[in-house]
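Novice: Sequence:
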Amino acid sequence: MKPETLHFFDRVYEVVKQIPSGKVTNYGAIARYLGAAKSARIVGYAMNASHNMDDVPAHRVVNRNGLLTGKFHFDGTNLMQQLLENEGVEVKNNQVKNLKDYYWDPNEELNLHDTI
DNA sequence: GGAGTGACAGTTG
DNA sequence: GCAACTGCCACTC
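Per this note's numbering, residue 1313 is the first one in the first sequence, and the count goes up by one each step.
Source of the hints: derived by calculation from the structure; they are not laboratory data. C-beta atoms are modelled at their ideal positions from N, C-alpha and C, and glycine is treated no differently. Don't take each hint at face value.
[As the list claims (entries may be wrong)] In silico lysine-lysine, BS3-like type, Cα no more than 30 Å apart, as pairs:
1. Lys1409 / Lys1350
2. Lys1350 / Lys1412
3. Lys1335 / Lys1350
4. Lys1335 / Lys1412
5. Lys1329 / Lys1412
6. Lys1409 / Lys1329
7. Lys1404 / Lys1335
8. Lys1404 / Lys1329
9. Lys1409 / Lys1335
10. Lys1350 / Lys1404
11. Lys1350 / Lys1329
[Claimed, not checked] Computed beta-carbon distance windows for the label pairs:
12. Asn1419 / Arg1353: 14 to 22 Å
13. Gln1330 / Asn1398: 16 to 24 Å
14. Gly1334 / Asn1419: 12 to 20 Å
15. Gly1347 / Gln1394: 27 to 35 Å
16. Gly1334 / Asp1366: 12 to 20 Å
17. Gly1347 / Asn1398: 27 to 35 Å
18. Gly1388 / Asp1417: 28 to 36 Å
19. Thr1389 / Gly1347: 29 to 37 Å
20. Asn1364 / Asn1406: 16 to 24 Å
21. Ala1348 / Lys1404: 26 to 34 Å
22. Asn1390 / Asn1364: 29 to 37 Å
Go ahead and model the full structure; you've got the sequences and the hints to work with.
Specialist: Below, the structure written as C-alpha cells:
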C-alpha cells in the first residue's frame, strides 16, 4: 500500500490508533503529523467517520483547548469523558484537565517512517 | 460536476 | 490579553 494512495482519513485512523492509553492529542498535531497542519478540520471530519470504528479511540482526540468537542458524537452522553477518566485522564466539564500533562504529540513520540 | 458542510487551528484586529 | 475571521482539504448531497 502506498501512503500516497491512502487518504487523509486512513492515515488519521492509524495515528489515532497509536495513541497510548491515558494520553490525549489534538487535531492539529495529527494533521501536522500527516503534513497538513492547516487541515485540522479534515482530522475532525475523519473522527466523525472513525467514531464508527471501535479500533479508533477517538475519545483520545480533543481540540486545542482540550475540550471534548466530539463528546456529543459518541452517544450524546458523558461516555467520552468516562473513557478518558477510566484511562487516568482527568476530565472536568467535558474538558481535559492538565492537557499539557496528558498531551501526546505523534511528531514527538512516533516516527514518520513507521508501518504507516 | 458543483456547492456546501465540518469533532479545528492559526493569525489578525 | 481577549475576541472574531479567514483558510484549509476531504467528504457528502
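Novice: Just to be careful, I want the Cα atoms of Lys1335 and Lys1350 compared with a cutoff of 30 Å; is the pair within it?
Specialist: The given pair, whose Cα atoms are some 23 Å apart, holds under the 30 Å limit.
Novice: Between Lys1409 and Lys1350, is the straight-line Cα distance small enough, at 30 Å or below?
Specialist: holds (25 Å)
Novice: So the hint says 27 to 35 Å: do the beta-carbon atoms of Gly1347 and Gln1394 match that?
Specialist: holds (33 Å)
Novice: Has the given pair, Lys1350 with Lys1329, been kept, meaning a C-alpha gap of at most 30 Å?
Specialist: holds (21 Å)
Novice: Do the alpha carbons of Lys1409 and Lys1335 lie within 30 Å of each other, as the hint requires?
Specialist: holds (12 Å)
Novice: Falls inside 16 to 24 Å, the C-beta gap from Gln1330 to Asn1398?
Specialist: holds (19 Å)
Novice: For a C-alpha distance cap of 30 Å, please report whether Lys1404 and Lys1335 respect it.
Specialist: Satisfied, since the Cα-Cα distance of roughly 16 Å is no more than 30 Å.
Novice: Hint says 16 to 24 Å; check whether the CB-CB distance for Asn1364 and Asn1406 agrees.
Specialist: About 21 Å separates the Cβ atoms of Asn1364 and Asn1406, which means 16 to 24 Å holds.
Novice: Would you mind confirming whether the straight-line C-alpha gap from Lys1404 to Lys1329 stays at or under 30 Å?
Specialist: The given pair, whose Cα atoms are some 24 Å apart, holds under the 30 Å limit.
Novice: Using the Cβ atoms, figure out if Thr1389 sits within 29 to 37 Å of Gly1347.
Specialist: holds (35 Å)
Novice: Starting from the range 28 to 36 Å, see whether the pair Gly1388 and Asp1417 falls in it by beta-carbon distance.
Specialist: Holds, at about 30 Å.
Novice: That 27 to 35 Å hint for Gly1347 and Asn1398 (C-beta), does it hold up?
Specialist: Cβ of Gly1347 to Cβ of Asn1398: about 33 Å, so the range 27 to 35 Å holds.
In summary, the structure is inconsistent with hint 22 from the numbered list given earlier, while agreeing with all the others.
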